[in-house]
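Below, each chain spelled out in residue letters.
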Amino acid sequence: MSETALLIKGVDKFYGPIDHGVHAVKSLNMDIRKGEIIALLGSSGCGKTSTLRMIAGFEPVSRGTISLKGREVQTFAPVKRNVAMAFEGYSLYPPLTVRENIAFALKASKLSQSVVDQKVSDIAKLLEIEDIMGRYPSSISGGQQQRASLGRALIRDADLHLLDEPMGQLEPQLRAVLRGRIKHFIKERGLTAILVTHDQTEANALADRIAVMEGGVLQQFDTPQMIKERPANLFTGTFVGEPPMNVFSAGVSGADDTVSFGLNEGVKLDYKASDFSQAVRAELMKRSKVVIGIRPYAVRRGEGGVGARVAVNQWLGDQTHIATDFAGGTMVLVEHDRTNLAIGENVAIRLDPSSLHVFDGDSGKAISHGQELA
Amino acid sequence: MENTSTLERTLRLIALTLVVVFFMFPIFWIFLMSFQTNETILAIPPSIVFTPTLSNYAALITGKLTTAAGSLDIAFMRNLGNSIFLSVTSVALALVLGVPAAYAFARHKFKGSEDIAFTLLSFRFAPPLLVLLPLTQYFQWLGLSDTYFGLIWVYQLICLPLILWIVRGYFEDISADVEYAYRIAGHTWFATFRKIALPLAGPGIAAAGLLAFIFAWNNFVFALVLASADKQPVTVGALAFVTSSGIQYGQIASAIVLSVAPTLALALYAQRYLVEGLSLGAVKG
Amino acid sequence: MTTLQLKNITKRYKTNTVLDGLSLDVADGETLVLFGPSGAGKTVLLRLVAGVIDPDEGQILIGGEDVADIDAEHRGIGMAFQNFALFPHMSAFDNIASPLTATRSTKDAIAAGVQKVAKLLKIDHVLTHHPKALSNGQKQRTALARALVGSPPLLLLDDPLRNVDAKLRFEMRLELPRLLATQGATVVYVTQDYKEAMALGDRIAVMSQGRIRQIGTPADIYNTPADIEIARLFGDPTINLLDVTPRGGADGVYVELSNVKVSLPGMPASVVGQICVLGLRPESITFTEAGAAGAIPVTVEAETPLNEKTVTLVLTVRNREILVSRPAGTPGPTSGPAHIAVNGKAAFLFDKASGALIRSTATSLSHNGEAA
Chain A
0 MSETALLIKG VDKFYGPIDH GVHAVKSLNM DIRKGEIIAL LGSSGCGKTS
50 TLRMIAGFEP VSRGTISLKG REVQTFAPVK RNVAMAFEGY SLYPPLTVRE
100 NIAFALKASK LSQSVVDQKV SDIAKLLEIE DIMGRYPSSI SGGQQQRASL
150 GRALIRDADL HLLDEPMGQL EPQLRAVLRG RIKHFIKERG LTAILVTHDQ
200 TEANALADRI AVMEGGVLQQ FDTPQMIKER PANLFTGTFV GEPPMNVFSA
250 GVSGADDTVS FGLNEGVKLD YKASDFSQAV RAELMKRSKV VIGIRPYAVR
300 RGEGGVGARV AVNQWLGDQT HIATDFAGGT MVLVEHDRTN LAIGENVAIR
350 LDPSSLHVFD GDSGKAISHG QELA
Chain B
0 MENTSTLERT LRLIALTLVV VFFMFPIFWI FLMSFQTNET ILAIPPSIVF
50 TPTLSNYAAL ITGKLTTAAG SLDIAFMRNL GNSIFLSVTS VALALVLGVP
100 AAYAFARHKF KGSEDIAFTL LSFRFAPPLL VLLPLTQYFQ WLGLSDTYFG
150 LIWVYQLICL PLILWIVRGY FEDISADVEY AYRIAGHTWF ATFRKIALPL
200 AGPGIAAAGL LAFIFAWNNF VFALVLASAD KQPVTVGALA FVTSSGIQYG
250 QIASAIVLSV APTLALALYA QRYLVEGLSL GAVKG
Chain C
0 MTTLQLKNIT KRYKTNTVLD GLSLDVADGE TLVLFGPSGA GKTVLLRLVA
50 GVIDPDEGQI LIGGEDVADI DAEHRGIGMA FQNFALFPHM SAFDNIASPL
100 TATRSTKDAI AAGVQKVAKL LKIDHVLTHH PKALSNGQKQ RTALARALVG
150 SPPLLLLDDP LRNVDAKLRF EMRLELPRLL ATQGATVVYV TQDYKEAMAL
200 GDRIAVMSQG RIRQIGTPAD IYNTPADIEI ARLFGDPTIN LLDVTPRGGA
250 DGVYVELSNV KVSLPGMPAS VVGQICVLGL RPESITFTEA GAAGAIPVTV
300 EAETPLNEKT VTLVLTVRNR EILVSRPAGT PGPTSGPAHI AVNGKAAFLF
350 DKASGALIRS TATSLSHNGE AA
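Each protein sequence line maps, in turn, to chains A, B and C. Sequence positions in the first sequence follow numbering that gives the first Met the number 0 and run 0 to 373. Sequence positions in the second sequence follow numbering that gives the first Met the number 0 and run 0 to 284. Sequence positions in the third sequence follow numbering that gives the first Met the number 0 and run 0 to 371.
Worth flagging that the hints you see were computed from the coordinates, not collected in a lab. One thing to keep in mind: the hints can contain errors.
Stated by the list, open to error - Covered by chain C, per the in silico footprint, the following chain A stretches (three or more residues, Cβ under 8 Å):
#: 1; region: 59-72
#: 2; region: 203-209
#: 3; region: 318-324
#: 4; region: 330-336
Note that the Cβ used here is the ideal one computed from N, Cα and C, for glycine as well.
I would like the entire structure built from these sequences, with the hints used as guidance.
Spelled out as structure tokens, the structure:
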């Protein structure tokens with residue numbers, strides 16, 4: 000395991016007096032290794048921006064420590080932390096051209112002019128802003144400003160790169176290729192980056208690990224794959240993933256060799272007892288109410304399934320989104336081919352036990368993923 | 000930061016108090032003066048301890064001023080009435096004319112609209128004394144000199160541009176889509192103006208009206224030249240206290256208190272309304 | 000239900016021509032999506048139809064009737080706005096009721112009408128709230144309810160999902176068709192999101208710079224985009240574009256990518272030698288084994304998962320970037336050297352100079368039932 004780049008230990012953030020003000024970040028612990036790309040993901044007010052501002056040094060830490068490369072920095076001024084940042088509002092210097100804005104980040108580095116020029120032109124090529132390098136921020140579009148701001152942050156050789164909503168304004172046609180290039184750029188240079196975003200698509204595309212936050216609490220900190228396959232709770236499960244996870248509340252019943260989930264409108268999902276481990280079955284039988292979840296791409300059509308009625312069938316070019324009326328709610332399926340299903344048609348849908356997520360009906364905590372305990 | 004908050008709060012309180020004292024002290028002093036006789040007022044050193052008297056107010060209300068040189072008739076209550084009548088009527092007229100005009104300027108960019116709007120504003124640029132002489136001439140020809148009607152007309156020079164420009168800004172801030180939505184829902188443009196534009200610009204109209212009222216109330220020059228004694232407002236009427244036997248500070252102070260009272264009351268009332276209106280607001284919401 | 004016809008509509012603001020001789024027919028009961036980048040003139044077009052602004056030239060016919068002399072309030076249109084345009088000083092109930100109060104319906108009839116549509120949109124529990132107290136999603140539903148409540152034969156929806164978050168947008172994308180089906184109205188729907196356009200439109204009119212560039216079914220536009228610009232607007236990730244000069248052989252037209260022949264079946268021989276742009280949708284490219292036929296050597300730059308897909312950015316030997324997309328969960332390389340195979344049957348060829356589509360073979364793509 001490589002060295003720790005950033006260590007956040009027991010950090011609290013209060014706006015107003017400690018223990019009495021607004022508790023924006025609650026005992027946060029994170030260990031970020033050198034060369035990792037981390038996404039802080041959550042909706043507005045979840046504490047992600049407060050966390051970012053504490054790491055950058057714009058906001059004092061109420062309690063706990065923040066260490067960069069093993070050195071406690073929570074009392075340091077931002078300039079002493081060797082952190083590069085791309086701001087959500089771009090914050091480009093209006094009297095400087097795009098080129099000057101980007102080169103400005105290298106002012107303190109005492110590099111020779113030719114090295115600076117080379118670096119600037121490389122980054123301009125990467126971000127496709129070569130043709131606007133001589134322009135001023137006020138005369139370029141929001142997407143171009145965002146790319147310039149990203150360039151100013153990425154060009155620096157900092158211990159940590161903080162990117163606040165770095166790609167929200169990018170032209171959709173450029174987004175996929177820029178994501179790939181930026182990820183490659185960061186990885187190739189072994190930079191450590193934290194991006195803050197409300198867009199789970201962005202987080203999934205770029206991050207090695209995603210920290211999902213809600214209500215100031217870190218809900219789950221894991222790889223995109225794990226968050227998708229083993230969400231820690233109902234919040235993470237439904238927040239990450241597009242289209243969102245299908246969820247239905249259900250009652251549990253079981254006999255020696257079966258486990259059944261009773262959904263609304265008398266829909267019953269029967270599984271063999273062997274579809275779940277002994278431990279899962281024991282947990283399930285303790286509860287009368289659970290929430291079952293299944294990702295849209297894991298829902299299958301075919302024999303032996305439960306009846307559902309097609310409500311919407313939307314072909315999007317390379318995917319088909321099908322919404323069906325199911326157990327008094329909507330069950331969404333994603334298929335990769337174009338599907339000829341008429342509205343109102345009856346289909347049988349299969350929810351494989353291996354793709355089934357079960358959450359506690361009250362706390363929302365995950366009970367099981369597939370066969371195994373969460 | 001959190002541990003300094005008590006100190007910070009104390010400092011802030013002290014600073015605020017200083018500012019308040021600085022601005023409020025003259026008003027407070029005038030208030031005290033209005034309960035004193037000329038002798039105690041002019042005493043050196045001045046004292047806050049005195050026997051309060053209502054004689055100044057009594058003189059103003061009865062209209063009989065008794066000085067060392069004899070007694071004098073003053074028309075202060077009539078002046079006060081004139082002030083109220085002139086200001087209220089002027090502002091009302093300016094609102095009736097100005098608000099629809101502001102709406103037109105805000106919503107319809109017709110040919111020359113900017114020029115007309117600017118011309119109206121430019122009335123505020125010229126010093127009143129500049130226009131006063133020709134104005135007096137015209138008013139005499141037209142028979143408007145020394146009439147309420149003439150004064151109210153002249154007061155439009157003060158009120159109308161103010162209301163037009165402030166209210167226009169508020170109308171422009173209302174998203175056109177909100178009005179379109181009401182039109183498309185099947186309502187006429189006039190219903191849209193009444194039910195959507197007016198309520199949403201309400202706080203702005205109130206603020207403009209209040210400002211116009213204060214400007215009209217404080218006007219001095221127009222009334223001094225264009226009105227005779229029985230139509231003069233308090234600003235001009237207060238001159239009467241500069242008598243041949245000296246300046247009646249006590250009466251001046253009580254006159255000020257009485258003449259400030261209506262604007263102050265209005266401002267306090269409107270402030271509540273403004274805050275309410277603005278917080279309900281989210282005109283752009 | 001009704002029809003809508005626009006004939007040679009031109010609208011200028013000072014010297015800026017926002018709509019340039021635009022004509023459009025919307026059929027009875029059809030949902031037509033106006034799709035295009037901001038500044039294309041979509042919103043102006045809707046406002047013209049609604050009657051809140053007037054065209055400089057041209058005719059608008061609703062149900063066959065010229066509406067030039069009919070004021071906005073008499074056109075009987077329902078409209079939802081991008082910024083919701085709710086009346087901030089009125090409750091949600093009064094907002095929704097506004098089209099009904101205009102017709103002097105009885106109080107009971109108004110209440111019943113509002114209740115019905117509010118229930119349909121699941122906002123019947125917040126009717127007493129003012130817009131300020133509503134969540135973004137509720138605001139958006141209130142705005143839709145207001146547009147629907149009078150059962151107008153013509154509905155104009157101006158990017159109604161723009162200002163809600165991704166989750167709500169997805170939810171509404173599935174809900175809207177059902178909602179519109181209950182209304183039976185003719186709908187003009189404006190959006191900048193190609194997924195919304197494909198999901199909701201019976202037909203899509205692609206607009207840019209005040210003109211309609213292409214009009215057709217979602218399949219028409221996805222499979223035979225009229226030019227490069229339109230091809231780039233549809234699809235996420237964006238279509239790959241590579242400069243090529245097709246060659247001809249005994250077995251038809253082909254192009255060479257990194258010295259590997261990719262044959263383009265069905266392409267006319269006239270393109271041989273012409274400077275062209277090859278369009279390859281990321282989903283028509285697959286990873287393959289080194290020795291396989293048509294395997295093109297590449298280096299994997301980065302893997303960026305995208306919802307239910309995995310998108311990989313690869314670099315050819317000549318440093319050309321290519322995006323490859325595959326269903327999530329299927330195997331593929333994450334770094335280092337790899338090989339891709341291009342499905343020539345799903346390729347587009349555009350003229351380099353004009354950007355116009357020369358020929359698309361994409362209609363024969365493996366979309367069940369959609370084969371041309």
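Taking each numbered hint in turn, which are not upheld by the structure, reported in ascending numerical order?
1
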